[in-house]
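J.: Could you put the whole structure together from the sequences, leaning on the hints where they help?
Each chain is listed here by its residues.
6 protein chains.
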Amino acid sequence: VNLNSYENNEVAGVVTGLAWTSVGGDILFIESTLSKGKGNLNITGNLGKVMKESATLAMEYIKANAEDFGLDSEVFSKYNVHIHVPEGATPKDGPSAGITMLTSLVSLFSQRKVKRNLAMTGEITLRGRVLPVGGIKEKILAAKRAKIKEIILCEENERDIKEIKEEYLKGLTFHYVKDMSEVLDIALLKQKVAKPKDL
Amino acid sequence: VNLNSYENNEVAGVVTGLAWTSVGGDILFIESTLSKGKGNLNITGNLGKVMKESATLAMEYIKANAEDFGLDSEVFSKYNVHIHVPEGATPKDGPSAGITMLTSLVSLFSQRKVKRNLAMTGEITLRGRVLPVGGIKEKILAAKRAKIKEIILCEENERDIKEIKEEYLKGLTFHYVKDMSEVLDIALLKQKVAKPKDL
Amino acid sequence: VNLNSYENNEVAGVVTGLAWTSVGGDILFIESTLSKGKGNLNITGNLGKVMKESATLAMEYIKANAEDFGLDSEVFSKYNVHIHVPEGATPKDGPSAGITMLTSLVSLFSQRKVKRNLAMTGEITLRGRVLPVGGIKEKILAAKRAKIKEIILCEENERDIKEIKEEYLKGLTFHYVKDMSEVLDIALLKQKVAKPKDL
Amino acid sequence: VNLNSYENNEVAGVVTGLAWTSVGGDILFIESTLSKGKGNLNITGNLGKVMKESATLAMEYIKANAEDFGLDSEVFSKYNVHIHVPEGATPKDGPSAGITMLTSLVSLFSQRKVKRNLAMTGEITLRGRVLPVGGIKEKILAAKRAKIKEIILCEENERDIKEIKEEYLKGLTFHYVKDMSEVLDIALLKQKVAKPKDL
Amino acid sequence: VNLNSYENNEVAGVVTGLAWTSVGGDILFIESTLSKGKGNLNITGNLGKVMKESATLAMEYIKANAEDFGLDSEVFSKYNVHIHVPEGATPKDGPSAGITMLTSLVSLFSQRKVKRNLAMTGEITLRGRVLPVGGIKEKILAAKRAKIKEIILCEENERDIKEIKEEYLKGLTFHYVKDMSEVLDIALLKQKVAKPKDL
Amino acid sequence: VNLNSYENNEVAGVVTGLAWTSVGGDILFIESTLSKGKGNLNITGNLGKVMKESATLAMEYIKANAEDFGLDSEVFSKYNVHIHVPEGATPKDGPSAGITMLTSLVSLFSQRKVKRNLAMTGEITLRGRVLPVGGIKEKILAAKRAKIKEIILCEENERDIKEIKEEYLKGLTFHYVKDMSEVLDIALLKQKVAKPKDL
Ligand SMILES: [Ca+2]
Ligand SMILES: [Ca+2]
Ligand SMILES: [Ca+2]
Ligand SMILES: [Ca+2]
Ligand SMILES: [Ca+2]
Ligand SMILES: [Ca+2]
Ligand SMILES: [Ca+2]
Ligand SMILES: [Ca+2]
Ligand SMILES: [Ca+2]
Ligand SMILES: [Ca+2]
Ligand SMILES: [Ca+2]
Ligand SMILES: [Ca+2]
Chain A
1 VNLNSYENNE
11 VAGVVTGLAW
21 TSVGGDILFI
31 ESTLSKGKGN
41 LNITGNLGKV
51 MKESATLAME
61 YIKANAEDFG
71 LDSEVFSKYN
81 VHIHVPEGAT
91 PKDGPSAGIT
101 MLTSLVSLFS
111 QRKVKRNLAM
121 TGEITLRGRV
131 LPVGGIKEKI
141 LAAKRAKIKE
151 IILCEENERD
161 IKEIKEEYLK
171 GLTFHYVKDM
181 SEVLDIALLK
191 QKVAKPKDL
Chain B
200 VNLNSYENNE
210 VAGVVTGLAW
220 TSVGGDILFI
230 ESTLSKGKGN
240 LNITGNLGKV
250 MKESATLAME
260 YIKANAEDFG
270 LDSEVFSKYN
280 VHIHVPEGAT
290 PKDGPSAGIT
300 MLTSLVSLFS
310 QRKVKRNLAM
320 TGEITLRGRV
330 LPVGGIKEKI
340 LAAKRAKIKE
350 IILCEENERD
360 IKEIKEEYLK
370 GLTFHYVKDM
380 SEVLDIALLK
390 QKVAKPKDL
Chain C
399 VNLNSYENNE
409 VAGVVTGLAW
419 TSVGGDILFI
429 ESTLSKGKGN
439 LNITGNLGKV
449 MKESATLAME
459 YIKANAEDFG
469 LDSEVFSKYN
479 VHIHVPEGAT
489 PKDGPSAGIT
499 MLTSLVSLFS
509 QRKVKRNLAM
519 TGEITLRGRV
529 LPVGGIKEKI
539 LAAKRAKIKE
549 IILCEENERD
559 IKEIKEEYLK
569 GLTFHYVKDM
579 SEVLDIALLK
589 QKVAKPKDL
Chain D
598 VNLNSYENNE
608 VAGVVTGLAW
618 TSVGGDILFI
628 ESTLSKGKGN
638 LNITGNLGKV
648 MKESATLAME
658 YIKANAEDFG
668 LDSEVFSKYN
678 VHIHVPEGAT
688 PKDGPSAGIT
698 MLTSLVSLFS
708 QRKVKRNLAM
718 TGEITLRGRV
728 LPVGGIKEKI
738 LAAKRAKIKE
748 IILCEENERD
758 IKEIKEEYLK
768 GLTFHYVKDM
778 SEVLDIALLK
788 QKVAKPKDL
Chain E
797 VNLNSYENNE
807 VAGVVTGLAW
817 TSVGGDILFI
827 ESTLSKGKGN
837 LNITGNLGKV
847 MKESATLAME
857 YIKANAEDFG
867 LDSEVFSKYN
877 VHIHVPEGAT
887 PKDGPSAGIT
897 MLTSLVSLFS
907 QRKVKRNLAM
917 TGEITLRGRV
927 LPVGGIKEKI
937 LAAKRAKIKE
947 IILCEENERD
957 IKEIKEEYLK
967 GLTFHYVKDM
977 SEVLDIALLK
987 QKVAKPKDL
Chain F
996 VNLNSYENNE
1006 VAGVVTGLAW
1016 TSVGGDILFI
1026 ESTLSKGKGN
1036 LNITGNLGKV
1046 MKESATLAME
1056 YIKANAEDFG
1066 LDSEVFSKYN
1076 VHIHVPEGAT
1086 PKDGPSAGIT
1096 MLTSLVSLFS
1106 QRKVKRNLAM
1116 TGEITLRGRV
1126 LPVGGIKEKI
1136 LAAKRAKIKE
1146 IILCEENERD
1156 IKEIKEEYLK
1166 GLTFHYVKDM
1176 SEVLDIALLK
1186 QKVAKPKDL
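Chains A, B, C, D, E and F, in that order, give the protein sequences.
So for the first sequence, our numbering puts the first residue at 1; every next one is plus one.
So for the second sequence, our numbering puts the first residue at 200; every next one is plus one.
So for the third sequence, our numbering puts the first residue at 399; every next one is plus one.
So for the fourth sequence, our numbering puts the first residue at 598; every next one is plus one.
So for the fifth sequence, our numbering puts the first residue at 797; every next one is plus one.
So for the sixth sequence, our numbering puts the first residue at 996; every next one is plus one.
If you are wondering where the hints come from, they were derived from the structure by calculation, not from laboratory data.
Heads up, none of these hints are tricks.
Using 30 Å as the maximum straight-line C-alpha spacing, the simulated DSSO-like pairs for lysine-lysine come out as follows: (1) D:K633 to E:K832; (2) A:K144 to B:K377; (3) F:K1031 to A:K52; (4) A:K190 to A:K78; (5) F:K1110 to A:K178.
Covered, in the sense of this in silico footprint (three residues per stretch, anywhere, with C-beta under 8 Å from a C-beta of chain D), are these stretches of chain C: (6) 427-437; (7) 441-453.
None of the values given here were measured: they were computed from a predicted structure.
Glycine included, every Cβ here is placed at the ideal spot set by N, Cα and C.
T.: Structure (structure tokens):
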């Protein structure tokens, strides 16, 4: 899937992540949507157990911090959330899409735009910490191939970046974070998407 | 199954797809029906996990864009939807029936006729993008054997068509699309089916 | 199980099918009953996934065409349906009992008698088409051994009959069909069963 | 388990069956109890799928023929039924306990005594037919060892009895049946159990 | 786990059982607690299917005989019961903890003390019979090592005790039972536990 | 994950445990959160069956002893609890996180701070006893590496500590406990966390 043809920050909830597969790094997209319902969470994209748990963690974090995001907590019981990771033929698992999922969901509920040309990878915890993940070198190479300009990583992954040859890092800006709130400050614009939903 | 004996655009929800199997390409049919209920989705035809996820994605997309299709969103909680892929002896999986399922469901809910002698193959995303799929050459040969005249593919699959000898393509018209709305514009006629249901 | 000792068209819902097993053809029986309930469907007889899907398809078809069978659609939410295929020691699967199940269910809901000395085999679709099935030669031999006189098959299975030696077909009448409605016209008598239930 | 120490027709629902195992025939007991509830069916005793289906069939048959047993059909939604087959260390499967389960349940709901020194084996169908089962010779030898005096079998199993040496059959009376109603006429006494429940 | 440090008949529901494992006999403890709820039964301790069925049987027996235990049957729908078998690292299965579980539950619901220095092993049936179990010799040796003084066994296990050398039995008193009511008469004191719950 | 960067006793429910893995000892964190709901328990972190059972046991213990913790028992039906063990890529199982989970949950419901530089390992029972666990030597070494100062263990694990060379124990204080209440007395401060939730 081509980034330019795919990425579109005119809609809420579409965020670019970085994945590590047995054949190297790759970019992946997280999409999420809301529909009127009773608070169910539906997850598709041929995901494994750990990746589904990441989605649950992200959702719980948003519920627990609803006020900080300016959200009325009633919204969680009035809408169903659907998270999808495209390219259904590929099984996907692991915790590294955690921050990507959270960013997608906060964009969705706040209807704020996601920064363009940005990718991210990092595990999340229930308390909002960001944990380091593996496969950093391969993920960075994939990000460059996809014309990504900025990357969000866990602070503890800075050591992995330092081991990569400088020429591979040219044109990339790195943001090192410890907490989910820092991810959201970087990734989400103040501006709402076109035709924002009124939740 | 013979296309002529099967296809019948007098009823809503019957759409022709293209499948790739270990013994070559094949056509397949998606059927869907509505019955009074509480909004359940029932999927049969010996389908694997990824193909069932496609059905869920298609259904979510329709719910999220109900207004664009002139649908009252109450309809989704008053009817059960059943999607079936005939030839139950054959296990079926993969994301490539996504656009076929979506077309079937929009035909069903709008009671619009599906264009005749048309087949399609492509993955869908939650946000309505169409993604490229594999096995294009085999699928095209199967479509020709079945007397298909028009084929809808993802824009990114055009490169696969260009690699096929011209003589195999004679008599076929290709439509390359990026978004689900383009698929529906091509595949669905304005005309309603015979004895349309009043939802 | 002996056909004469088993078959009894004095009760609704008992229909004879034809099965193909690893040791040759066989006849099988489909039984169904109604009990007051909330519209649940219970299926027993050591059936595999595809055969259970056939039962679901048959049930959906009847619901979608209730009016054509003179049925008040409220009946489906006021009764539970139980479908059973005797000889529980034998695992059973495949789509070929589809028309047998549908005939059983329409007999049950309409309380009409099933024609005697009749057997059938064919896959059904959600839209009521009958699809061809395999193992025709073995099934015909089993039907003869069981003193069956008439057999319903999909139109596309006629070619399989033409390949069977004439002497094996003596005494058998074949009905070739395309749609479920034709099956029901042949298999169900106008006459109600003894002591018909008033639904 | 010793028959004399176990069997007790002073309580409803305890019936002796005959089982065939890899090490020969054996007797088994079916127990059932009622407790106030919502009509749930609970089945224990390390049973396989087919044996659980037999319990379901038995229960459905009783519901469908409640009037014939003098039962008010409201009773089925006001009580939970629990069926247990003792000796939990042994996995048990197969359809041959069908008539034993049905007899247990009718005894339970009618609170009628079960005839003493009686055992039985046979598959049941949804419509109340009794089907033949295997392992007859081994089951008969086990019945004799356990001091059983009368045995109920399917009519079609008579041929298996005829192949057994007369000396092994001395002291045993056989009842051959076609329908469940015959089983119940033989197995259940008119007399109620001690302290019958008033359902 | 050391018996003296563990056992405490000041609380209801803690009962000592005897288990047979691949490395010899062992004692085990059954614990149970009540919490306000809707009558759910929760079972933990890494238990297999048969051992979970024992817990269900014990619970059903108590419900069916509530009056005999002086229990108001409303209590079963107002409390949740949790049964736990400590040492979660060890998988546990088999029917022999049946009488231990039942004793635990009757102690819990009646808030009566359990006799000290007592252990037991035996399968239970739905009707309250006690069935013999295996591994008796190993279980007795484990009981002695743990300073157990009295042991409850099924009457039919007496033959297994007679095959054990007298010196191994010194200091042990055996109770042989046929029915659950005998187990409870031996194992439960009339005295209530400290701070009995008022159900 | 680095202890200093992770541990933060300003929030309730974050507790440090000790784990034994095939590559040696390690520290792990238990996090828990509350969100308005109906009393559901959600557990993530790629946990096995036994570890999930520990979470259930901890929750049951708190419910059964709500008064002792100054908790209104209505709180359990008005909030959902989510327990998470970070580092989702690593499967985790075994009973030894029991006391860590309980401490996390009591901190959460009471909003009391957890003592800093403290780690613990021990199985819990339904009745609040603490049972010994394995891998003590490796766990102690991991605790030292992580700058832990105090460790809570089951009394019966004292013998394992005595077998470790004194130099490895320098700077560590051990607390040996028999009951959960002792764990909580040691691990939880009287002081509430910053911005305590008012449940
Ligand atoms: Ca890709
Ligand atoms: Ca990622
Ligand atoms: Ca085909
Ligand atoms: Ca397709
Ligand atoms: Ca047969
Ligand atoms: Ca058939
Ligand atoms: Ca036996
Ligand atoms: Ca039997
Ligand atoms: Ca032990
Ligand atoms: Ca035991
Ligand atoms: Ca670690
Ligand atoms: Ca631990």
